[in-house]
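*Asks:* Now for the letters of each chain:
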Amino acid sequence: MAILGGATGAAPPAPPVKAMRRASVARRIAAAGWAHESRIWKIGGWVAASVPLGSLVFILVVLGHKAWPSVVVNGTHFFTGSAWKPGSTYGTTVHTHGFAHPAGSSYGAWPLIAGTLQTSIIAVVLAVPISLGAAFALTERLPGWLSRPLAFAVEILAGIPSVIIGLWGVLTLGPFLAQDVYPVIADHMPDVPVLSYFRNPVGHGEGLLTTGLVLGLMIIPIITATTRDLFLQVPPLPKEGGLALGMTDAEVARRVTLPWVRSGIIGATVLGLGRALGETMAVAMISGAALNTISPNIFGTMGTIAAAIVTQLDSSFTDGTGFATSALAEAAVVLVAITILANALARVVIARSARHGMPVGRGG
Amino acid sequence: MARNIRGTWIAAAFLAAGLVAAACGSASTTSTAAKSTPKSSTSSASSTASTSSSTGVTVETPPGASLTETGSTLLYPLWNIWAPAYEQKYPQVHLTTAGTGSGTGISDAATGTVDIGSSDAYLSTSQKAAHPTLLNIPLGISVQVIGYNLPGVTAHVKFNGKILAQIYEGKITTWNDPALKAINPGVTLPSIPIVPLHRSDGSGDTFIFTQYLSKQTPSGWGTNVKFGTSVTWPSVSGALAEQGNGGMVTGCKKTTGCIAYVGISYLSQLLGDGLYYGELMNGSGNYVLPTSSAVSAEANYFTAKTPASGTISLINGPVPTGYPIINYEYAIVNTQQSSASTAKAIRSILEWAITPQNGNSNKYLSQVSFQPLPPKVVAQSVKQIAQIK
Amino acid sequence: MAVIAEPDRSAIRRRRRREVAFRVSTLVTLALVVGPAAWILLGVVLRALPHWRWSVLVTPTQGAAGGLSNAILGTLALMAGVLVVAGTLGILAGVFLAELAPVTGRRWSVTGILRSATDVLAGVPSITLGFVGYLALVLALHWGYSLLPAILVLSVMVVPYIAKSTESALRQVPTSYREGAEALGMRQGYALRKVVLRSAIPGVATGLLIALAISSGETAPLLYTAGFTNTLPKVALIHHPVAYLTYPVWTFYDYPTPAAHYLAYDAALVLLVLVLVLLVAARLIVARTQRHADR
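Chains as they are written, first to last, in my numbering: chain A, 1 to 364; chain B, 365 to 753; chain C, 754 to 1048.
Keep in mind the hints are simulated off the structure, nothing from the lab.
A portion of the hints provided could be inaccurate.
BS3-like mimics (lysine-lysine), calculated; alpha carbons at most 30 Å apart, straight line [claimed, not checked]:
hint: 1; chain 1: C; residue 1: K987; chain 2: B; residue 2: K708
hint: 2; chain 1: B; residue 1: K545; chain 2: B; residue 2: K492
hint: 3; chain 1: B; residue 1: K740; chain 2: B; residue 2: K727
hint: 4; chain 1: B; residue 1: K708; chain 2: B; residue 2: K727
hint: 5; chain 1: B; residue 1: K669; chain 2: B; residue 2: K526
hint: 6; chain 1: B; residue 1: K669; chain 2: B; residue 2: K579
hint: 7; chain 1: B; residue 1: K535; chain 2: A; residue 2: K85
hint: 8; chain 1: B; residue 1: K669; chain 2: B; residue 2: K618
hint: 9; chain 1: B; residue 1: K740; chain 2: B; residue 2: K753
hint: 10; chain 1: B; residue 1: K535; chain 2: B; residue 2: K522
hint: 11; chain 1: B; residue 1: K492; chain 2: B; residue 2: K727
hint: 12; chain 1: B; residue 1: K579; chain 2: A; residue 2: K85
hint: 13; chain 1: C; residue 1: K947; chain 2: A; residue 2: K42
hint: 14; chain 1: A; residue 1: K85; chain 2: B; residue 2: K753
hint: 15; chain 1: B; residue 1: K579; chain 2: B; residue 2: K522
hint: 16; chain 1: B; residue 1: K747; chain 2: B; residue 2: K727
hint: 17; chain 1: B; residue 1: K708; chain 2: B; residue 2: K579
hint: 18; chain 1: B; residue 1: K526; chain 2: B; residue 2: K579
hint: 19; chain 1: B; residue 1: K740; chain 2: A; residue 2: K85
hint: 20; chain 1: C; residue 1: K987; chain 2: B; residue 2: K753
hint: 21; chain 1: B; residue 1: K545; chain 2: B; residue 2: K727
For each label pair, taking beta carbons as the anchor points, the in silico distance ranges come out as [to be verified]:
hint: 22; chain 1: B; residue 1: P554; chain 2: C; residue 2: H895; range: 36 to 46 Å
hint: 23; chain 1: B; residue 1: P554; chain 2: A; residue 2: T172; range: 20 to 30 Å
hint: 24; chain 1: B; residue 1: T537; chain 2: C; residue 2: V773; range: 29 to 39 Å
Derived list of chain A stretches under chain C, where covered just means 3 residues or more per stretch with a C-beta under 8 Å from a C-beta of chain C [what the hints assert, rightly or not]:
hint: 25; stretch: 153 to 161
hint: 26; stretch: 185 to 197
hint: 27; stretch: 245 to 255
hint: 28; stretch: 296 to 304
hint: 29; stretch: 334 to 340
A virtual CB, placed ideally from N, CA and C, is assigned to each residue, including glycine.
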């Protein structure tokens, strides 16, 4: 300040009376504001906390409005039909129940619904045990100097954008699995029920199992990170008690640590499941993005609702009647409904386990 | 602790402010650089400038404007070459390009979300009905090749619509199928399974490929599947769906025995990956390679038939030497623009794009292996462009 | 008379085997998690580094070549917007859920509904948000591809995340702090700001940074809301498309020219570095607070 004044050689400015008065006014307003601070917090909190509910309603209203023609015209066929038929978009337009749509168009989303559930189930089945094991290794087995950077590596995996994982899946992982891993599995599977699902043909690395694996990889960090935090919150006393009674580490893990955090793990699993159900870009790249195919074995190409939305949204706009976009909107509503159902189911399970279970080792 | 945290936040705030300032700074410097360089570098180009008497296209001098283009991913590379060249000549106009897909190009042009949409496919009847003020203006000609991955086969394998339809229907499943051998005498076709690839995303390439299949087998594919930017592909064991033209090329590269339809812009990549492309049977029963003379033969035949609206399929023409899968690439523009100056700027860009000396010169088109518009079609496009008000 | 039972050797062996299997399997699973992460990271770095040019950072995209300054600044602008919108809403919502929401014993309370809506929204697929953003904001409201719809869509996506992390950070603030503040006669709002929220700042900041990392890596919700442009972002909320870093990855990796492929991998590398910086920052904040707390 002084140096600046000296450099310009100007006389020191008169005290800014006006500005000072303004400042005091501002301070008074602020003071008045702070006096109502509790109320401001409360109102702001109410508004902000209503945003998720409001957004959810908005999403469902917009999609529902768009989906209505498809809901009316396709009816239950949408859930049972297995052909996604845009019809002849360059042919004639017909009317059903008052809604215009291209001749021959009818939408059955069963393969997409099935594919969404199949890939997500594979992902969760793979990810939960791996995540639990990794979280145990990070919290119980490894020294801090090693577990901290490794925990960070898990966080990085969570942060890798899904396009990049998709790119890796389609260019590196898929071909590797199709050439070196899948044939070994497929050739050694006996032709008995269930296991025959793992028999040839193995395809070309794009399909159900590759998608499930990559989705699993994407949700592992979510479940691992949450589980790790949960494990760290388990107080040491019960664990030490278990060890003092002569339990092995494995027994302490099974009888003390896991029951302690069970509901948290269910929550983390549902979070991961939600991500797997809705993952879009990576699935569009590695599933084969088929619309009408339920894979006959675990290696075949298939599609999911989310991938269908991103791959078909553009061409749906070439349907001048808007019916194709309407069908995609209905698919989106179904997808949101599935995630809501998964959430509700988790709530029920958590409530159950909270009612039944003692937190610490239930004996036996 | 609290103080330290606050210090961090203050530092972060300053950092952010600095970033914004840097952003503004660089924005202003680059824009001036872009404005100053072209004058010196394109003095020769400006002499070919505003009029071209030979084709009768007048490129209007545009007012200052900022325009957006979105749509076809096949046209996107060309727009990316056109936009900087046009802006060099008319720095008062700024054109933003994006490749979102033809369908979005059409719907965004219809709603006024963008100024120019681009599409590989012309507007359908229902689209015309929904948006009567939309024009589809031919800008250039694109070609589709049929690529395949057959190690050891160095000849161009011949295909026709009937055989391709049966492959995509799962009725022909191996490369040494008698039907394929019959039309490929002298070529040793291996006994490996055929893996048909199709696009998973909606696409103008699918539109013209399925149109070829429909026209060559009207009672087969033309009745069962029909054509469109996205069709209900028959379920074929082992068939693969790929994202984008690039996905078709990479997918075919890693899959021995594949067959794929690919836009000609990707030809060099296709060949670079050790794949090859086939001869196609045209409407007069001859097998033809996608050479530039075969493409212009086909284009010239359809020139006379092209209506004023530009809406026509160039597939499967009866010319003996014509290559059967070519198409017009379209600009989709609303005739009723929000302001006269926007309309003028749009007209200027499109006029520049279709002029043989400017946008339609080989200098730009050859980079994406497109073919220029025939003069008569240029004249028709000019008339369509003049309707933009 | 106490008889010391002969130890059941087979049971001991079984338990020992189980213990070994447990220890080995935890390490194997950890390797299964860390291995692919390293594989993916190395894959991107090795593809990007051989032809890396620093000029990529300062030149805008020209067609499918050039640099990424437009996308970098666009992503930063989007993140700044998300920080303002989602940060404000998320923190307020988190404060509300943890501190202010009325506590009732009933099964169906307003707070319970708001909280479950937050959970459900966290699971809504991002492509659905993008779809709705396109239909409602870009088309119906005529905003066009621009910054505002993109920011709103991303914000709706991460608000639940920030709310949750704020809520859990606040829950870890000891009750004694609140009681102390009350004993000193502070008003609830003042105590909240000066005492409770301040001690929760590290947790809140970590949540914010991770939310930013998530939003910077998104593609699906931006494709149909932000559009893309070769120019640097304009100071305009609507009507001007804005570039972002995932677009070149998604669009240029299957483009017909090598320059485009390089750009796709360069964008992937820049994106990874950006995410890494955010995560490291989050880590540092946590580490710092832990160090201070230990003292």
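*Asks:* Now tell me if each hint is right for this structure.
*Replies:* Comparing the hints with the structure gives:
1. Restraint check: the Cα-Cα separation between K987(C) and K708(B) comes to about 23 Å, which is no more than 30 Å; the hinted pair holds.
2. Between K545(B) and K492(B), the direct Cα distance comes to roughly 44 Å. Violation of the 30 Å bound is thereby established for this hinted pair.
3. Annotation: proposed proximity of K740(B) to K727(B) holds, straight-line Cα distance about 21 Å (limit 30 Å).
4. Only pairs whose Cα atoms come within 30 Å are accepted, and K708(B) paired with K727(B) is accepted, the gap being roughly 25 Å.
5. Pair hint K669(B) plus K526(B) holds up; C-alpha atoms about 26 Å apart against a cutoff of 30 Å.
6. In summary, the hint linking K669(B) to K579(B) is supported, as the alpha carbons are separated by about 17 Å, within the 30 Å threshold.
7. Our distance criterion of 30 Å between C-alpha atoms is met by K535(B) and K85(A), whose separation comes to about 21 Å.
8. Between K669(B) and K618(B), the direct Cα distance comes to roughly 41 Å. Violation of the 30 Å bound is thereby established for this hinted pair.
9. Restraint check for K740(B) and K753(B): satisfied, since their Cα atoms lie roughly 23 Å apart, inside the 30 Å limit.
10. Our distance criterion of 30 Å between C-alpha atoms is met by K535(B) and K522(B), whose separation comes to about 18 Å.
11. For the hint linking K492(B) to K727(B), the alpha-carbon distance of about 34 Å lies beyond 30 Å, and the restraint is violated.
12. For the hint pairing K579(B) with K85(A), the CA-to-CA distance comes to about 20 Å; that is within 30 Å, so the pair holds.
13. A hinted pair counts as satisfied when its Cα atoms are at most 30 Å apart, and K947(C) with K42(A) qualifies at roughly 16 Å.
14. At roughly 38 Å between alpha-carbon atoms, K85(A) and K753(B) are farther apart than 30 Å, so this suggested pair is violated.
15. Distance check on the hinted pair: K579(B) and K522(B) sit about 18 Å apart at the alpha-carbon level, within 30 Å; holds.
16. This hinted pair checks out: K747(B) and K727(B) have alpha carbons roughly 25 Å apart, not beyond 30 Å.
17. Taking the CA atoms of K708(B) and K579(B), the gap is about 39 Å. The hint is violated against a cut of 30 Å.
18. Taking the CA atoms of K526(B) and K579(B), the gap is near 10 Å; set against the 30 Å cutoff, the hint holds.
19. Taking the CA atoms of K740(B) and K85(A), the gap is near 38 Å; set against the 30 Å cutoff, the hint is violated.
20. Between K987(C) and K753(B), the direct Cα distance comes to roughly 27 Å. Compliance with the 30 Å bound is thereby established for this hinted pair.
21. Annotation: proposed proximity of K545(B) to K727(B) is violated, straight-line Cα distance about 41 Å (limit 30 Å).
22. Checked against the hint of 36 to 46 Å, the pair P554(B) and H895(C) fails, with Cβ atoms roughly 57 Å apart.
23. The hint said 20 to 30 Å for the Cβ distance between P554(B) and T172(A), and at roughly 27 Å that hint holds.
24. Distance hint for T537(B) and V773(C): a CB-CB separation of about 51 Å, inconsistent with the stated range 29 to 39 Å.
25. For the stretch 153 to 161 of chain A, the assignment as covered by chain C holds, since 8 residues bring a beta-carbon within under 8 Å of that chain's beta-carbons and 3 suffice.
26. With a cut-off of 8 Å between beta carbons, the stretch 185 to 197 of chain A has 0 residues touching chain C; three or more are needed, and the interface restraint is violated.
27. Beta-carbon proximity to chain C at under 8 Å applies to 5 residues in the stretch 245 to 255 of chain A; the threshold of 3 is reached and the given coverage holds.
28. Counting residues of the stretch 296 to 304 of chain A whose beta-carbon sits less than 8 Å from any beta-carbon of chain C gives 0, not enough to reach three: the coverage restraint is violated.
29. Interface restraint, the stretch 334 to 340 of chain A with chain C: holds (4 residues with C-beta to C-beta distance below 8 Å; minimum three).
Comparing the model with each earlier hint shows violations of hints 2, 8, 11, 14, 17, 19, 21, 22, 24, 26 and 28; every other hint is respected.
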